[in-house]
Amino acid sequence: MNMNFKRKLLIPMEIKEMYPMTESGEEAKRRNDEEIAAIFTGQSDKLLLVIGPCSADREDAVIDYITRLRGLQEKVADRIVIVPRIYTNKPRTTGVGYKGMLHQPNPLSQADMLKGLISIRKLHMRALNETGFSCADEMLYPENHKYLSDLLSYVAVGARSVENQQHRLTASGLDVPTGMKNPTGGDLSVMMNAIKAAQSPHVFIYRNWEVESKGNPLSHAILRGFVDAKGVSHPNYHYEDLTTLVDLYAQSELANPAVVVDVNHSNSGKRFMEQVRISKEVLHSAQHNADIKKLVKGLMIESYLVDGCQGANEGVYGKSITDPCLGWEKTEALVQDLAELW
Amino acid sequence: MQDSGSCDRRSIRLGGTIILIMPKLEDIRKKINSIDSQLVELFEQRMEASREVAEYKMERGLSVYDPQREAEVIKRNAELIKSDEIREYFMRFEQNLMDLSKDYQYRRISGLKVAYSGVEGAFAYVAARKMFPSAKLVSYPDFQSAYQSCSSGESDVVVLPFENSYAGEVSAVTDLMFSGDLYVNQVVQVEAVQNLLACPDAHIDDIKAVVSHPQALSQCAEYIREKGYAVHEYSNTALAARMVAQKGDCSLAAIANAECAELYGLKILEHRINESSNNTTRFAAFSKVLNTETAKRKMGKHFILMFTVKNEAGALAKTLNIIGSHNYNMCALRSRPTKELLWSYYFYIELDGNIYTEEGKSMLRELGTLCEKLKLVGSF
Numbered sequence: 028m029n030m031n032f033k034r035k036l037l038i039p040m041e042i043k044e045m046y047p048m049t050e051s052g053e054e055a056k057r058r059n060d061e062e063i064a065a066i067f068t069g070q071s072d073k074l075l076l077v078i079g080p081c082s083a084d085r086e087d088a089v090i091d092y093i094t095r096l097r098g099l100q101e102k103v104a105d106r107i108v109i110v111p112r113i114y115t116n117k118p119r120t121t122g123v124g125y126k127g128m129l130h131q132p133n134p135l136s137q138a139d140m141l142k143g144l145i146s147i148r149k150l151h152m153r154a155l156n157e158t159g160f161s162c163a164d165e166m167l168y169p170e171n172h173k174y175l176s177d178l179l180s181y182v183a184v185g186a187r188s189v190e191n192q193q194h195r196l197t198a199s200g201l202d203v204p205t206g207m208k209n210p211t212g213g214d215l216s217v218m219m220n221a222i223k224a225a226q227s228p229h230v231f232i233y234r235n236w237e238v239e240s241k242g243n244p245l246s247h248a249i250l251r252g253f254v255d256a257k258g259v260s261h262p263n264y265h266y267e268d269l270t271t272l273v274d275l276y277a278q279s280e281l282a283n284p285a286v287v288v289d290v291n292h293s294n295s296g297k298r299f300m301e302q303v304r305i306s307k308e309v310l311h312s313a314q315h316n317a318d319i320k321k322l323v324k325g326l327m328i329e330s331y332l333v334d335g336c337q338g339a340n341e342g343v344y345g346k347s348i349t350d351p352c353l354g355w356e357k358t359e360a361l362v363q364d365l366a367e368l369w
Numbered sequence: 322m323q324d325s326g327s328c329d330r331r332s333i334r335l336g337g338t339i340i341l342i343m344p345k346l347e348d349i350r351k352k353i354n355s356i357d358s359q360l361v362e363l364f365e366q367r368m369e370a371s372r373e374v375a376e377y378k379m380e381r382g383l384s385v386y387d388p389q390r391e392a393e394v395i396k397r398n399a400e401l402i403k404s405d406e407i408r409e410y411f412m413r414f415e416q417n418l419m420d421l422s423k424d425y426q427y428r429r430i431s432g433l434k435v436a437y438s439g440v441e442g443a444f445a446y447v448a449a450r451k452m453f454p455s456a457k458l459v460s461y462p463d464f465q466s467a468y469q470s471c472s473s474g475e476s477d478v479v480v481l482p483f484e485n486s487y488a489g490e491v492s493a494v495t496d497l498m499f500s501g502d503l504y505v506n507q508v509v510q511v512e513a514v515q516n517l518l519a520c521p522d523a524h525i526d527d528i529k530a531v532v533s534h535p536q537a538l539s540q541c542a543e544y545i546r547e548k549g550y551a552v553h554e555y556s557n558t559a560l561a562a563r564m565v566a567q568k569g570d571c572s573l574a575a576i577a578n579a580e581c582a583e584l585y586g587l588k589i590l591e592h593r594i595n596e597s598s599n600n601t602t603r604f605a606a607f608s609k610v611l612n613t614e615t616a617k618r619k620m621g622k623h624f625i626l627m628f629t630v631k632n633e634a635g636a637l638a639k640t641l642n643i644i645g646s647h648n649y650n651m652c653a654l655r656s657r658p659t660k661e662l663l664w665s666y667y668f669y670i671e672l673d674g675n676i677y678t679e680e681g682k683s684m685l686r687e688l689g690t691l692c693e694k695l696k697l698v699g700s701f
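Here the protein sequences line up with chains X and B, keeping their order.
Numbering follows our numbering, with no gaps: position 330 of the first sequence is 357.
Numbering follows our numbering, with no gaps: position 244 of the second sequence is 565.
It should be emphasised that the hints constitute simulated quantities derived from the structure, not laboratory data.
Being a predicted model, the structure only gives us computed values, none of them experimental.
All C-beta atoms in this analysis are idealised placements derived from N, C-alpha and C, irrespective of residue type, glycine included.
Among the hints, erroneous ones may be present.
Example chain B residues on the side facing chain X (calculated, C-beta under 10 Å, incomplete) [claimed, not checked]:
hint: 1; residue: A566
hint: 2; residue: G569
hint: 3; residue: S646
hint: 4; residue: H647
hint: 5; residue: M651
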């Protein structure tokens, strides 16, 4: 092994002691969890929007953004439940580039994992305490979930991770809705298998412990489009794709059939403006088909304060330093439109 | 004609030409009187504010004189003066004002009781005088009793040495910092300059023997050897000076600081006879209130943390990693036995920078849960 074991990091319990949940935070999280779970179990017919920047690059802009979401949420509360995205770790196709706040609390500085672990908890904590939102994050490293386990209300397993055993087993031990994305190649059976694994109980090793999970009935599908062997992006949010998924769920014995459509990534070909059209089209498909309406629980939208994206060193406040996002004005208009359409 | 309120010059139109007439002296004087009456009011308010500063500083054991702040204020205010010609006078006015304000503060603070350990003229005395020129200095026989006097309210401030550039920490004072309830808000450095002191009538060629504390003697060993003086050890440099003065023996000289010459009526036969020029001791002013006001200066700020960690592998490393993650530079790390429990130790850390920032607050919060006991001893 050529790894240099640099230093032992703090365990989740230690960082949780440093930044413990407040009573009001706990109460807000419980309320959010109930409301979101009700959507997946079919008790609520509201639309779930997992929305926010591609990556949470800086605390001030992210908190600013989420504070605005709070105002927006109040306006559309009877139709829509918002879960802000605070994505603190980013998978990189070749492993190069900004890997998220967990690795680089300062995007322009060297990796500092200790500072990163503390920073991501502080950020999620601030969001909850200041806006009442318990947020969504990607579970890129299953072992790290425990640093945020009391703060997250939604977890996504990414397209590159969905086939991984440890991700599936860990998802089976979570109590919050966990979305399994279709893999980058688009094979839906991989995603369905991941959901099955996540909904089943398991015994496995987690953080050096032998653990037993109960299975997560709120685990569900996320369609994010795919890339073919020639590197061309293909969408999978269309009417036909959704009916295919209805069928796949029908053949399975999975609990709570559900899909959240990721309207960016390969569905938009990363043309962030298309998110507006795609979101509306998914809702349109749902209006046409009762099975689709039942299956579609929400949308995943990449949005931030400023349209588009920039290099990490360009420093525009509230502009994505990873994938391009929809700016605030367009986001606000879209969310209000979606509330009308749903 | 304009109304008299805004009238600087009067003009009379005479056959198409305008003749300016200078205002009457009486009018100008009236104007000055009116300005002065405003100044009176403002001056009173300013001195009142100055008194409040003195009270704040007394409570926290801070010095009256802060040259850096003084220069900053004068510069800032001078920039507000529009006329280049007047600016120079304003700076002198402002300096005078500052001096008056300091005089007033010194007078207010003269009631301050500052405890120190040792006798008059000792380095602790020099340090206390340096920090509190107008205060009443009270001598105590040892560190413990001096510290205790402040804890119990008998004195307002206690000045104690806590580190020497040669000998390192003053362990007894470090222990008091850890176990006691006082805070450090000010630190000064006093260089140990040793001089040859003798009776006023003595001549340098008459000196046959020197007397002083062994440490001072060793600092001047080369000088003594060169001169071939006989050496007598004494318990204290200041007491040695007093003894020389009392004896009136012109062949005997004391080795002590310059303050002692003045205190005991001796004359300095030779200045700076110690070899090394960097024997410096750091003295801290302890008081009951921690000063949480952040000084404007960005550089040269420090703070002291003391803590104990859980007795397990990597416990100290964890705390140091937290400090590192907040980008504070550590300039000293020492460990001392806690004395409560056999073989258990506490740590003393001195760091560069300002603790009263977001970073600092986060760091204290994080260390607070990692450490068994954590104390912010001082910020200066």
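A quick look at each hint next to the structure:
1. A566: violated, 60 Å
2. G569: violated, 67 Å
3. S646: holds, 4 Å
4. H647: Status holds, d = 8 Å.
5. M651: Given a least distance of 16 Å, the restraint on M651 of chain B is violated.
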